[in-house]
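Student: Sequence:
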Amino acid sequence: TSSYLIDSRPIVFQIQGVKNNSEHHRNTQPIHKDIDVFIYALGEVKDGAFVDYGWIEDVRSNRIVWKMDIDRSKYAGGDARNRKTEAHITLPKGHYRLHYKSNESHANEDWTGDPPERPFYYGITVFNLSAIEKLNQEVAISKSKNQN
1 TSSYLIDSRP IVFQIQGVKN NSEHHRNTQP IHKDIDVFIY ALGEVKDGAF
51 VDYGWIEDVR SNRIVWKMDI DRSKYAGGDA RNRKTEAHIT LPKGHYRLHY
101 KSNESHANED WTGDPPERPF YYGITVFNLS AIEKLNQEVA ISKSKNQN
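Residue 9 in our numbering sits at position 9 of the sequence shown, and the numbers go up by one each step.
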């Protein structure tokens, strides 16, 4: 598998539109060099802990390299249980698995309170910052050419 796929894709991997009482896993293609990413995750908190949450695991070592953390989360709009986590991290070259787990209540298609901001993204999305920067540069160049 070519590293070009990871290098050029704005989204490295994602689990979105999570429904109640579900567990999801997604693997990356092998990442052949370190990659800077932005993680946007939405989940549910109950009794001071996440009950809908996600994490990233290194496939080779089974080590968790990132997880949603209540202390680093913010209110995500809607019901008071809605929380979001935003993080910038570097994933070293390797192979990763994205996980997301939800409990029996308050998720897509069955909100028991007001949904969070951007309910479509309920789950976890890992964005490739260099690919997004490259796309932004291409858009700027295209706009510049169209103005001349």
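Bear in mind the hints are in silico, worked out from the structure with no lab data behind them.
This structure is a prediction, so every number in the text was calculated from the model and none was measured.
Don't take each hint at face value.
The calculated label-pair distances, taken between Cβ atoms and stated as ranges, are [as the list claims (entries may be wrong)]:
1) PRO30 x ILE64: 37 to 47 Å
2) THR112 x ILE141: 27 to 37 Å
3) GLY48 x PRO10: 29 to 39 Å
4) SER22 x SER142: 33 to 43 Å
5) LYS67 x GLU117: 29 to 39 Å
6) ARG60 x GLU117: 28 to 38 Å
7) GLU117 x ASP69: 29 to 39 Å
8) ASP69 x LYS134: 26 to 36 Å
9) PRO92 x ILE11: 42 to 52 Å
10) THR112 x LYS134: 14 to 24 Å
Subject to a maximum C-alpha distance of 30 Å in a straight line, what follows is the list of computed DSBU-like cross-link-like pairs (lysine-lysine) [stated by the list, open to error]:
11) LYS67 x LYS93
12) LYS134 x LYS84
13) LYS134 x LYS33
14) LYS84 x LYS46
15) LYS67 x LYS84
Idealized CB from N, CA, C, for every residue including glycine.
Student: Going back to the hint list, which numbers does this structure go against?
Tutor: 1, 2, 5, 7, 9, 10
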